[in-house]
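Student: In order, the protein sequence lines correspond to chains A and B.
Residue numbering for the first sequence follows this note's numbering, starting at 2 and increasing by one per position.
Residue numbering for the second sequence follows this note's numbering, starting at 52 and increasing by one per position.
A hint or two may mislead.
What follows is a list of derived Cβ distance ranges for each label pair [to be verified]: (1) B/E72 x A/E304: 57 to 67 angstroms; (2) A/Q22 x B/H109: 44 to 54 angstroms; (3) A/A23 x B/A123: 44 to 54 angstroms; (4) A/A23 x B/E55: 51 to 61 angstroms; (5) A/G93 x B/E72: 26 to 36 angstroms; (6) A/G93 x B/H109: 48 to 58 angstroms; (7) B/E72 x A/L102: 20 to 30 angstroms; (8) B/E73 x A/A209: 48 to 58 angstroms.
In case anyone wonders, no lab produced these hints; they're calculated from the structure.
Positions of the beta carbon are idealized from the N, C-alpha and C atoms, including for glycine.
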Amino acid sequence: MKNRVVITGLGVVAPNGVGLQAFTNAIKSGKSGITFHQNLKDKGFSCCIGGIPEVSEEKIQEYLTPLQLRGFNSTSILYGVMAGIDAWKNAGFTVDENSPLDYDTGLIFGTGTSGIEKFREAIYKIDEQKVRRLGSTSVLQTMASGVTAYLSGILGFGNQVTTNSSACTTGTEALLMGFERIKNGKAKRMLVGSSSDSSLYTWGGFDAMRVMTYKHNESPEKGSRPMSATASGFVPGSGGGALVLESLESALARNATIYAEVLGGNINAGGQRNGGTLTAPNAEAVQKCITNAIADAKISAKEIDVINGHLTATTKDALEIENWTKALGRKGANFPLINSLKSQVGHCLAAAGAIECVASVIQIKEQFVFPNINCEDVHPEIVSLIDKNKIPTKKTDTNITILAKASFGFGDVNACVIFKKYN
Amino acid sequence: MKKEEIIQKLTTIVKPYIQNEEGFKNMSEETDFINDLEINSANLVDIILDVEDEFDIHIDNDSMEKMLSVKATVGIIQDKMNA
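Take these sequences, add in the hints, and give me the full structure.
Tutor: Below, the structure is given as structure tokens:
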């Protein structure tokens, strides 16, 4: 007997809203979190715009102690800790440093690189022959699992505590791995999510690859244009998202608020075969990921009401839409509604999957589809595949029973999850 | 520098790292950093860096290993300052 798995808590630190309520309001109104950053211009970036969550020093002190903040220089850990603590509290739990160890709850929280600014500090010190000046804080903030080390200690989790990393698929993959663990009876609750640094050192390599837009430095809010004919590359973002997954049995026993059910999903890779490369997806594998997710969830493709896509605003958006049409066997007016959060927050890289899963679950809970901004001019290749009115540009109140969310990443990796409204 | 003055400065240095308020309140020459103040052993290296900055001295590896109590630390600081 496999456990049913539901979502009972959400936390988010996004460029257009920090905290669940602010983020919900932001996505409903189509608020852009993209701004111009002088430091990117000063360093000679082609793309000088990006999405950085607004977090005050005062806010930070609500989450980390003065001791934890000594020598602290890692936004990815900060966002992960904030989103994770928020999600845990949102699920109805308290945060107490003396709480008994909870062997029934685990943590899978991903990142791309951890504390890249802290890593830079360490490199400079070592090159100046001052290795001993690193103190005790360098390792904990630069190890990939830094975010889980901080969070699990704050919350006192005793089940599996680990960090995953699969490029822009990371957050969605974390969710699905946590889902499997609960489904198979290995844990009652899993806090899952991902985060990514706000740092030019994270973004620089993408700028060098010419995959970020350089055409909107004067109009940052117009820069992130998924599915648009005038899309010219992604806008970098950052932040963190977290979700509390819980067995239905445990959630009901606690009388917890249930946001949605995780019906199933799939994680696969394209092996950089059949057109797949280090940076481009193998279309066949993407389609297989989606069809396998649908099969895992025991639904049919025609039941999907809404898709939250990966859709980054690069030249690959039309291919993604084509993959969805083929995987679902639905096109034109028969295609589900589809949106991309990246139009509002940019591409939050390793954090993207988690922040977008949080946005997906909010849509199910509150029965609306958030607007795609900056795609009043839908790309002609996309219009040839699906009806333009399937890409809402205004908040749309609608009945959502099933929502499919997919994330794809460098290395030709894919993840697709199927969420269902909980009755 | 007098012992009392060093202990006073040391009190300020260790304050952010202590996890036992009672032990900190009663901090004396006999205080042990880990047993009495419950300082995380990983933070001892941070305290040593702070001591180096405060007293403008360099603490070698051998001395570092001995800096587990107020008494030993004061002794090492005095040695280094007089060296």
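Student: Each of the hints needs a verdict: does it hold here or not?
Tutor: Do the hints match the structure? See the list:
1. B/E72 x A/E304: 57 to 67 angstroms: At 59 angstroms between Cβs, range holds.
2. A/Q22 x B/H109: 44 to 54 angstroms: holds, 52 angstroms
3. A/A23 x B/A123: 44 to 54 angstroms: holds, 51 angstroms
4. A/A23 x B/E55: 51 to 61 angstroms: holds, 52 angstroms
5. A/G93 x B/E72: 26 to 36 angstroms: holds, 31 angstroms
6. A/G93 x B/H109: 48 to 58 angstroms: Taking Cβ atoms as reference, A/G93 and B/H109 lie about 52 angstroms apart, which means the hint holds.
7. B/E72 x A/L102: 20 to 30 angstroms: holds, 24 angstroms
8. B/E73 x A/A209: 48 to 58 angstroms: Holds, since B/E73 and A/A209 (Cβ atoms, about 55 angstroms apart) stay within the stated range.
In the structure shown, no violation is registered for any of the earlier numbered hints.
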